[in-house]
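Student: Sequence:
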Amino acid sequence: MIKNYWNRGKRQKITTLIIALILLILLFVLRDDYQPALLFVRKFIFIILLSAIVLFFGLKKFRNSASTGKRLGILGLLVGFFGVLYVVGWHFKMYDYMKTYNVFNNLNRVEINELPLTQNERIQPLRNVFSMANESVGETKDVSLPHLVRIGDENKWTMAIQPTEKYVWQGMTDNTEEVFAVSSTTPFPRFSNENRIPVTFSIGESLKFSRNTYNAVVQRFNFFQLFTMEPSDTYYMKNDTGQWVEVVSLIKWKGFLFPYPTFGGVMVIENGEHDFSDYIERILIGKGTYISPEEMTNHPYLTRQNTLAEKVSRLQAESLKFLGGFSDPLPWNMETAVKIPNLSDDQNQQPFVTDFDFSDTDSDGYSGLYHWFGLEPVGDERTSLTFSVFIPADGTDKIYYYDHASKKQGYAGVSAMPLKVIESRKEFDWSVNKPVEFRPYIKELAGRKRMFFLGTISAIREGSDNFDGSATPDLALIDSEYRDVIWIDVKHPSQWDKTVYDQLNEAWRASEGIGYYFAEDTKEIDVSETVRDSIMAIPNDKVLKQVQDREKVEEIERLQKQIDSLKAVN
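Residue numbers (this note's numbering): 628 to 1197.
Because the hints were derived from the structure by calculation, they are not lab data. Hints may contain errors.
To be verified - Estimated spans, in silico, between C-beta atoms of each pair:
hint, residue 1, residue 2, range
1, L676, E821, 49 to 59 Å
2, P663, D984, 38 to 48 Å
3, E1008, Y1109, 36 to 46 Å
4, F1055, P663, 38 to 48 Å
5, V737, N849, 25 to 35 Å
6, I629, F953, 12 to 22 Å
7, V737, Q1036, 15 to 25 Å
8, S763, L676, 50 to 60 Å
9, K720, D1024, 20 to 30 Å
To be verified - Using 25 Å as the maximum straight-line C-alpha spacing, the simulated DSS-like pairs for lysine-lysine come out as follows:
hint, residue 1, residue 2
10, K1025, K1076
11, K938, K1047
12, K966, K881
13, K1034, K1047
14, K640, K630
15, K1025, K879
Bear in mind the structure is a predicted one, so any value in this text is a computation, not a measurement. We put the beta carbon where it would ideally sit given N, CA and C, even for glycine.
Could you build all of it, start to finish, from the sequences and the hints given here?
Tutor: Here it is in structure tokens:
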């Protein structure tokens, strides 16, 4: 049809060329709109090719068959093939099973024999921080989801104050003009003054069209990256020059038979308002600077940082179910199969971003931010802690895990914690108070490392799905070995270890035969020295005279006040 139209004359040729040019421009400019389709083909390339080959030869055989019986047989085989493919691949999730196995085979796994200590404990859960941040902005503003990042040597919750998505016009015209940066170690997070940083981003998560973060990053991809990369979480942090930047974590898909996601580096977007040339750049080639995983070590602000997409780390942690072999997670085995527990009342599921100190362990892990997972047996009634998984949050190609089960420690896992907290405080109204985010708390106490879970009590209104943040939340530490709940003072973190020791030291002493710790220094009192000090404290004649003179002055002042009062009455 196009050939016939082309041959009609010169005018038709010009029209065809103009339409083709417009289509090419649209294909280039609107690639952020159809890129998900390209990525879909990349994710399921093996299944698509297999289905296409079977369908091609099946239909070819169908057309070459003369008898009706053969044709019906071929159609039945095709329907049966695609039915089995759907049932096995999607209904029984064998496709995801094989994808996770590919992840496991490509992991750089390191088993550690000693737990790292936690440091810089964060007080508030993510959803509490998000709730309090939303209480501090107006009607026309939204707050992006908080992320725990490293700013210098301090861990902070950072989030953008951006135009609300409820009003489309503001998303088209306004910029993101402020960023919250709140310390994660304080029980009193403040969302004002110095924690509300004025900085302009012309590209944001809630902005529209080419100013949207997703669109700008996808437009920046080269041809091959369009088929293999996708943007994920967005973080706000300071770069090595002290400037605020927007860092977008990237996911890269690898493999052919069963492609799997990996960390693909980051795209860094600098702050500042955009002019017309920036607008043209956004439309044509997007915005941002791509930094590959290999190049991230050249940027100190991206090391020991939190830039790894949680979608990737969750799949990596889940893949440890294959430690017992390929067939171990199947229903008739499951000897060492594990799962990531999800708590129904917790709005922030694992991983929990935690600051660990690896300096006194037998591994080469850095001290900084990690994605922590507490894996448990797959059965719903089994809540023991099987593995502690530490995945470097900066995307380092290693995964550290500690095997609690093989060491027969018998620790309780995350999913066992809510009931223990509820049981310890029966006077609470647990219908509107929820124990959430049980992150690890590992300290050297009473002669050895001990593992606890630090949980926060968050309030939730009836009929609401959002937690209400509190500046002074109730905190509980649960000993994963002794199962005891210790309620601690959120305002005095320096006293937590002593509070734990005071409550559990007798149980530890009876069970482990430990010595005495946190003992206060005592000083013997010499009676003769006390008497001598008392004698020396007796004032001499000069001191007595000064005291008497002072008393006389005070008496004169008192009498003068009385005389003045009598004069005023007269």
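Student: Now tell me, hint by hint, if it's right for this structure.
Tutor: These are the hints, each one checked on the structure:
Separated by about 57 Å at the C-beta atoms, L676 and E821 satisfy the suggested range of 49 to 59 Å. Between P663 and D984 the Cβ separation comes to about 41 Å, which falls inside the hinted range of 38 to 48 Å. Here the CB-CB span from E1008 to Y1109 is close to 21 Å, at odds with the stated 36 to 46 Å. For the pair F1055 and P663, the supplied restraint of 38 to 48 Å holds, since their beta-carbon distance comes to about 46 Å.
Between V737 and N849 the Cβ separation comes to about 33 Å, which falls inside the hinted range of 25 to 35 Å. I629 and F953 have their C-beta atoms about 52 Å apart, which leaves the hinted 12 to 22 Å range violated. Between V737 and Q1036 the beta carbons are some 19 Å apart, a value that agrees with the proposed interval 15 to 25 Å. Restraint check, S763 to L676: a C-beta distance of roughly 52 Å satisfies the suggested window 50 to 60 Å.
Between K720 and D1024 the C-beta distance comes to about 27 Å, which sits within the given range of 20 to 30 Å. Restraint check for K1025 and K1076: satisfied, since their Cα atoms lie roughly 24 Å apart, inside the 25 Å limit. For the hint linking K938 to K1047, the alpha-carbon distance of about 30 Å lies beyond 25 Å, and the restraint is violated. Simply put, K966 and K881 have alpha-carbon atoms about 24 Å apart, close enough for the 25 Å limit, and the pair holds.
For a cut-off of 25 Å, the pair hint linking K1034 to K1047 stands: about 24 Å separates their Cα positions. The straight-line distance between the Cα atoms of K640 and K630 is roughly 10 Å, inside the 25 Å bound, and the hint therefore holds. Restraint check: the Cα-Cα separation between K1025 and K879 comes to about 16 Å, which is no more than 25 Å; the hinted pair holds.
This entry does not satisfy hints 3, 6, 11, going by the numbered hints stated previously.
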